[in-house]
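So the protein sequences, as listed, match chains C and V. Start counting at 1 in the first sequence, then tack on 704, and there's your number in my numbering. Start counting at 1 in the second sequence, then tack on 78, and there's your number in my numbering.
Honestly, the hints are just simulated from the structure, not real lab data. Built from N, CA and C at the ideal position, the CB exists for glycine as well. Each hint should be verified, as a subset may be incorrect.
To be verified - Pulled a few chain C residues facing chain V out of the computed Cβ check, cut under 7 Å:
1) D727
2) R729
3) C749
4) H751
5) C754
6) T789
7) P790
8) G809
9) S813
10) E836
11) M838
12) I842
What the hints assert, rightly or not - Estimated spans, in silico, between C-beta atoms of each pair:
13) V:D748 x C:G752: 18 to 26 Å
14) V:D748 x C:K792: 45 to 53 Å
15) V:E825 x C:K716: 44 to 52 Å
16) V:T208 x C:H751: 24 to 32 Å
17) V:G131 x C:K764: 39 to 47 Å
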Amino acid sequence: VGSEILVPLTLKINGALQRVRIDPRASLLDTLRETIHLTGTKKGCDHGQCGACTVHIDGKRALSCLSVALSCQGSEITTIEGLGTPDKMHPMQAAFVQCDGYQCGYCTSGQIMSAVALMKEPIGTNDADIKEAMSGNICRCGAYANIVDAIQQVRKGKS
Amino acid sequence: MKSVGNAIPRIDGPLKTTGTADYTSDHNFPGMLYAFPVTSTIGKGRIEKLDTGSAEKMPGVHAILHRGNIEKMYRVEPSAGFSEAYLDERRPPFEDDIVRYHGQYIALAVASTLEQAQAAARAVRVTYKTEKPDVNPDLELGNTKPAPGEEGRPNVDQKNNGPGKVVSERGDAQKAFDAASVKIDHVYTTPPETHSAIELHATVAVPDGDTLTIYETSQGVVNHRNVMVQQLGMGQEQIRVISKFLGSGFGGKLFPWPHSTLAGAAARTLNRPIKLVLDRATVFQAAGHRPATKQRVRLSAAPDGRLTSTQQDYVNHTSILDDYEENCGEATPYLYSCPNLKVTKGLVRRNIGTPTSMRGPGAVPGLFATETAMDELAVLLKMDPVELRLRNEPKMDEGLNIPFSSRHLPECYRLGAEKFGWAKRNPVVGSMTRDGLTLGWGMAACAWMAERFDAEVIVDLRDDGTVRIACGTQDIGTGTYTMLAQIASERLGLPVEKIEVVLGDTTLPPGPLNGGSMATASVIPATFLASDNAIKKLLSIVSASKGLTLSGKKPEELSYTDGVVHLKNQSPGSGMPFGKVLTAARVRSAHGNGKSEGTLGKKADVSRHAYGAHFVEVTWEAMTARLRVNRVVTVIDGGKIINPKTARNQIEGAAVMGIGMGLFEETVYDHRSAAPVNRNFADYVMPTHADVPRIDVHFLDYPDMAVNEIGARGVGEIGLAGFAAALSNAVYHATGKRVRDLPITIEKLL
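Chain C with its partners taken away, still in its complex shape (with noise of 0.2 Å):
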């Protein structure tokens, strides 16, 4: 039933090539966890208002909820899957759980995805810098002051 509107698309995500067919008002964010159920990027407001969505679209940090699947056509996805596995953790990964950098876990995607972006933006060293860069992903469990720890771990492992 409905199938006849549904279009088909074609994305890049975490370096392969997902072909689906999709409602074509379908966020990213729902083309993710409903179509190709990649469901550790997650939904936290459908706004753009907590960050929990964050992606890489092109590199670049993106908010998922807000940004339209068919637009996303020709652009390098990754999401949460694309950074590591439980058994092969990337740095930011492994950062968060050594600094436990969460509680319940929910926002932990987008706040890792988020962290890892910002290594690359022109942003300053304290963590001033960081809580700045990082307001835009609410963690209601607070733990605010761990994500800033594991984020500083990761930069001060690299340099």
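Based on these hints, arrange chain V on the given structure of chain C.
Relative to chain C, chain V alone:
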């Protein structure tokens, strides 16, 4: 092997950081349909006409479900306790045509895609007979008439909750107040707050024959199952509820909300898996909130600071049909020594969805009022607020006339004052400055109950040398997976890495709700017992085995030490690891069950609570009216801390929420539509990274052996209690403005 007290990283951390932990809405099933609710756009009235015609014809739509075409839903019988079948909003959805709050469920659109369901829900035309709703934020205090029932429909709970009902009383508080020369009498208010867990409430209901599996955003799968059994009219064996990972709850997911019943009924009606994820606005409207409170506090003291009377009269708003009580006087009778005390309560009805428990229900708004009042008394007495509290430290729980199990609140004050540098405080308002900013230093005490729910745990020692521990409780972000592994590790003498923890499923032995900061404390006795029983079983397996060195020995001749079975009179080094023993005996596991009874609601011979003290520094820039929380020291007397890493995170997170409560958070209802106008995360302001300073947390770590064998109390809520008072007291010290109505927004400081 010592596991308790180790600051180990969470064992579920690699799942949470890689997007592989499955939360409720992450579940997808073949043939699954998407549901989206139609909700009322008025706050009071009656549905005259529901026109679903055009919506039903839209692409992909399977059904527009409403009162006339959905499987029947029932009320729940009166609950005797929190785990029997408890819920706050007792009316099942679609029960009648009366609208009592904005956002009430009216119909449910079900379609092949989420977008189709959302579009169809918007296309349903509803005609209302509209009445003027009452969402007045100013609650009637001191109005002693009973809360009114609705026309032709008595209050659900049938009891008189008119303001003035006495909660606790000793001596003659009014007489002492009248006679005193040093006294304060003020009214404090706290606004409706919304839990705002980042995970939206969601249900995925999967029918299979006459059974239903419900994936739910739940802080209590057992209670949720029990409620669904009654609301859907099914047998207990027909419903399974699963909550493996929860995107936090803070009480908002403690008890079932009508969306879950709706999803279950829709799945049964259409015989298809149904995914229902609420949008953020609906979470604000129909999934609970902390109600507004209004509290009059009267204190009197002798010139030396000793309290001579305490009076606290409070009311909170509740919904039209339900009697939700915000227990603001929870901590008042036992926090200080005072010969004359009276605490009264009351409810005020509004056309607002039913309130519910939010982190530290009762004590959190209550301590804002009473701990701000203590600061006002200290100012009046020209006495240091720490000294005032020390002078009123009680020797026993004067509310219940029983001793404290373990209370080290004075040490919290002293350690906090030392870490904060409180001795340098100049009490004169606005007298302290740094870098051109005015400093404000404030402090407050906090307290929260330390009780237990019933719990049942299964421990399996397995032939591969690992352990499986299972319990039908949940990890809501507090670290239950990790702490259970540490608790079992402690008892079994095995490394945490060898222990698998299974939670969040009603097919497991019934476990506690994640409420009242009780889950961790509750599972300790059951885990210890289950571990001991598994060891006993292991020894009997060895005894009955053949061909092993230890075969044929009587169980009482055998001993278990750190994973090894050996002869009692020989060293563990001479024995055999349990995995090898079980392999040789061709048994998969040595199984132990442990069951323990709760303490909540039972007559106690000792008063069990967690305590603490917050010290807060704010900076105030008068020229621009810029207020910042700059520094926090919090000391918690939380019993034995099982994992300092996760426990510290709990206290820090509570302080962050306390900054929100103190400075930002307030749900505002439109007096015309009764809608919460700021039902989104741009307008319901919560603390972000940039709002939060370093929070310096210290634990005293005195075991409270009256709570359980480890002496551990819960620490999920205590950190929020009292925090807003410490903050408002700091604001007063900086600005001279005493803000008695939260949140402390800029216009209140101008």
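Here's how the hints hold up against the structure:
| no. | hint | verdict |
| --- | --- | --- |
| 1 | D727 | holds (4 Å) |
| 2 | R729 | holds (4 Å) |
| 3 | C749 | holds (5 Å) |
| 4 | H751 | holds (6 Å) |
| 5 | C754 | holds (5 Å) |
| 6 | T789 | holds (6 Å) |
| 7 | P790 | holds (4 Å) |
| 8 | G809 | holds (3 Å) |
| 9 | S813 | holds (5 Å) |
| 10 | E836 | holds (5 Å) |
| 11 | M838 | holds (4 Å) |
| 12 | I842 | holds (6 Å) |
| 13 | V:D748 x C:G752: 18 to 26 Å | holds (24 Å) |
| 14 | V:D748 x C:K792: 45 to 53 Å | holds (51 Å) |
| 15 | V:E825 x C:K716: 44 to 52 Å | holds (50 Å) |
| 16 | V:T208 x C:H751: 24 to 32 Å | holds (28 Å) |
| 17 | V:G131 x C:K764: 39 to 47 Å | holds (46 Å) |
When each numbered hint is compared with the structure, no violation occurs for any of them.
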